[in-house]
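**Student:** Residue numbering for the sequence shown follows UniProt numbering, beginning at 1 and increasing consecutively.
Misleading hints may appear alongside valid ones.
Stated by the list, open to error - Simulated DEER-style distance windows between Cβ atoms:
id : residue 1 : residue 2 : range
1  : R213      : A50       : 46 to 52 Å
2  : E130      : S279      : 22 to 28 Å
3  : E130      : E92       : 36 to 42 Å
4  : R47       : R196      : 49 to 55 Å
5  : Q439      : Q171      : 35 to 41 Å
Simulated from the structure, these hints should not be mistaken for lab results. Backbone N, C-alpha and C fix where the C-beta goes; we use that ideal spot for every residue, glycine too.
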Amino acid sequence: MDRRDFLTAVAAAGAASLTGCGSAPVPLPPGDLLGASLDLGHRLRARNFAPPGETRQVPVLIVGAGIGGLAAGWKLAQSGFADFLIVELESEAGGNSRAGSNAVSAYPWGAHYLPLPTREATAVRELLAELGVLQGDPRAVQPVYDERYLCATPQERLYRHGRWQEGLMPQTGVSAAERHQYQQFGELMEDFRLRRDGLGRRAFALPMALSSRAPELLALDRISMRDWLLTQGFDSPHLHWYVNYACRDDYGTGSAAVSAWAGIHYFACRDGEAQNAGSETVLTAPAGNAWLVAGMLRSIQARVGERLLTDALVFHVATAARGRPIAVDLFLPGEDRTLRLLVEQLIWAAPLFLVPQVFAGQPALHAAARSYSYAPWLVANLTLSRFPDDRVGAAPAWDNVLYGGASLGYVVATHQQMRLRPGATVFTCYRAFDDMSPQRGREALRDTPREIWAEQILAELEQPHPDIRQLTTRLDIFRNGHAMARPLPGLITGAARQQFAIDGERLRFAHADVSGFSLFEEAQYRGVLAAERTLRRLGVRFRSSLG
Numbered sequence: 001m002d003r004r005d006f007l008t009a010v011a012a013a014g015a016a017s018l019t020g021c022g023s024a025p026v027p028l029p030p031g032d033l034l035g036a037s038l039d040l041g042h043r044l045r046a047r048n049f050a051p052p053g054e055t056r057q058v059p060v061l062i063v064g065a066g067i068g069g070l071a072a073g074w075k076l077a078q079s080g081f082a083d084f085l086i087v088e089l090e091s092e093a094g095g096n097s098r099a100g101s102n103a104v105s106a107y108p109w110g111a112h113y114l115p116l117p118t119r120e121a122t123a124v125r126e127l128l129a130e131l132g133v134l135q136g137d138p139r140a141v142q143p144v145y146d147e148r149y150l151c152a153t154p155q156e157r158l159y160r161h162g163r164w165q166e167g168l169m170p171q172t173g174v175s176a177a178e179r180h181q182y183q184q185f186g187e188l189m190e191d192f193r194l195r196r197d198g199l200g201r202r203a204f205a206l207p208m209a210l211s212s213r214a215p216e217l218l219a220l221d222r223i224s225m226r227d228w229l230l231t232q233g234f235d236s237p238h239l240h241w242y243v244n245y246a247c248r249d250d251y252g253t254g255s256a257a258v259s260a261w262a263g264i265h266y267f268a269c270r271d272g273e274a275q276n277a278g279s280e281t282v283l284t285a286p287a288g289n290a291w292l293v294a295g296m297l298r299s300i301q302a303r304v305g306e307r308l309l310t311d312a313l314v315f316h317v318a319t320a321a322r323g324r325p326i327a328v329d330l331f332l333p334g335e336d337r338t339l340r341l342l343v344e345q346l347i348w349a350a351p352l353f354l355v356p357q358v359f360a361g362q363p364a365l366h367a368a369a370r371s372y373s374y375a376p377w378l379v380a381n382l383t384l385s386r387f388p389d390d391r392v393g394a395a396p397a398w399d400n401v402l403y404g405g406a407s408l409g410y411v412v413a414t415h416q417q418m419r420l421r422p423g424a425t426v427f428t429c430y431r432a433f434d435d436m437s438p439q440r441g442r443e444a445l446r447d448t449p450r451e452i453w454a455e456q457i458l459a460e461l462e463q464p465h466p467d468i469r470q471l472t473t474r475l476d477i478f479r480n481g482h483a484m485a486r487p488l489p490g491l492i493t494g495a496a497r498q499q500f501a502i503d504g505e506r507l508r509f510a511h512a513d514v515s516g517f518s519l520f521e522e523a524q525y526r527g528v529l530a531a532e533r534t535l536r537r538l539g540v541r542f543r544s545s546l547g
């Protein structure tokens, strides 16, 4: 089936659903079709930019105001260094952690939680302490966290066979043999979580750069997570569904394509603890991780003033000979002009797929960046006049997953309010495109009308909530064609990724892509690491946040 046939089939399915079985159709709710700045991004290919009309000197330039770029700026400002600028293509900072809001609630457009940080994630703990969320010593084994950010119970549930169950591992209709495999899998992941090598490094650490380099562990990057499960004798369909869901949820890609190293890392890397919460508890807020974005922006501004320039497209980077500044050209669409920055130190915190389009005379970096693959992603926010009727089973939770669904389920923006009978609310629904190639997924995102996406989402959510269509007052769609790097076999241990992890004389990379997958902890680590390396190059004294 080609793209045109695919879209025709989707439209036909949507029309049939709208018509119903003889009943009057319920009109689709209004909403917007949003996403990354496609028009600006695509100008990189055309390269129809005017020559620079102005040149400025900038000691340190950070390209990209996602988590990595903001973390770099946060560390520079914390160290008393003020001569830097952060430039961002979009109209606001945050990258995959942006959010929206309306009269009902704030809601995420991407990342929506942060697990309790591990003891290795020292920079994350330091940031949380500065924001007042982690209370007391950030290096304590079991810190205390602000209750307002600890996810209220129940945290998660699964819809299957017409009813809700607690937790995400399927329970009903599961044989004793499969339950035994559940237990074996859990014990194996716990063994990986506790394992240390001869140097005391964890087998799977977070940040991932602190993980063991033991050859038998690195060999896991050569095969897929699904194949590894099968080699271990795990053939339970329900266990495979659960692991596949986990890979789709964190990596936008199914277990048949995800590296076994990355798949096991998902289950074995997290061991954060708290005095006032269980280890599985996550930190969240109605706006998802946007509160972390806002916190870093406030911290930067309070220390060194405004350092963020939005709506700025970097389209050309020309590295120079030793001792000469890097020339960075950026287009300012609001002013319809091009500006050239002469930069002493450059931190590239934008996604790596842009490198071949922007960096001149860097064939090795171009080839390394092209070895990456990116997962497309769709997020829908449904504003409801009240909480919908529920099928039988477990009570409404923060994270609600539909077994076998095209989507990854939904999170409830108002869950932290802990109302016994919620009024108006917002459901944030996530969809990966692991059932098609990334290019096909991007084409679907680009070409499919909002009405078809809205119909598909409502039709799926009607299974657990029969009245959701009648209660949805607004349905907004956000598209991200290159949402996250896909940790396919070979990426984690490959030479291509390592090229972006080195400390260059004037250039270093600070996006989560450098780790090979998109997690807050990885993006923040890369940003702080790049900032600390930059400070060392400049001869600025600072206290490290990385242990």
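**Student:** Does the Cβ-Cβ separation between E130 and S279 fall within 22 to 28 Å?
**Tutor:** holds (23 Å)
**Student:** For the pair R47 and R196, does the Cβ-Cβ distance stay inside 49 to 55 Å?
**Tutor:** holds (50 Å)
**Student:** Could you say whether the range 35 to 41 Å given as a hint is met by the Cβ separation of Q439 and Q171?
**Tutor:** holds (38 Å)
**Student:** CB of E130 to CB of E92, is that within 36 to 42 Å?
**Tutor:** Check failed, 22 Å falls outside 36 to 42 Å.
**Student:** For the pair R213 and A50, does the Cβ-Cβ distance stay inside 46 to 52 Å?
**Tutor:** Once the Cβ atoms are compared, 48 Å apart, the range 46 to 52 Å for A50 and R213 holds.
Consistency with the previously given hints fails for number 3 only.
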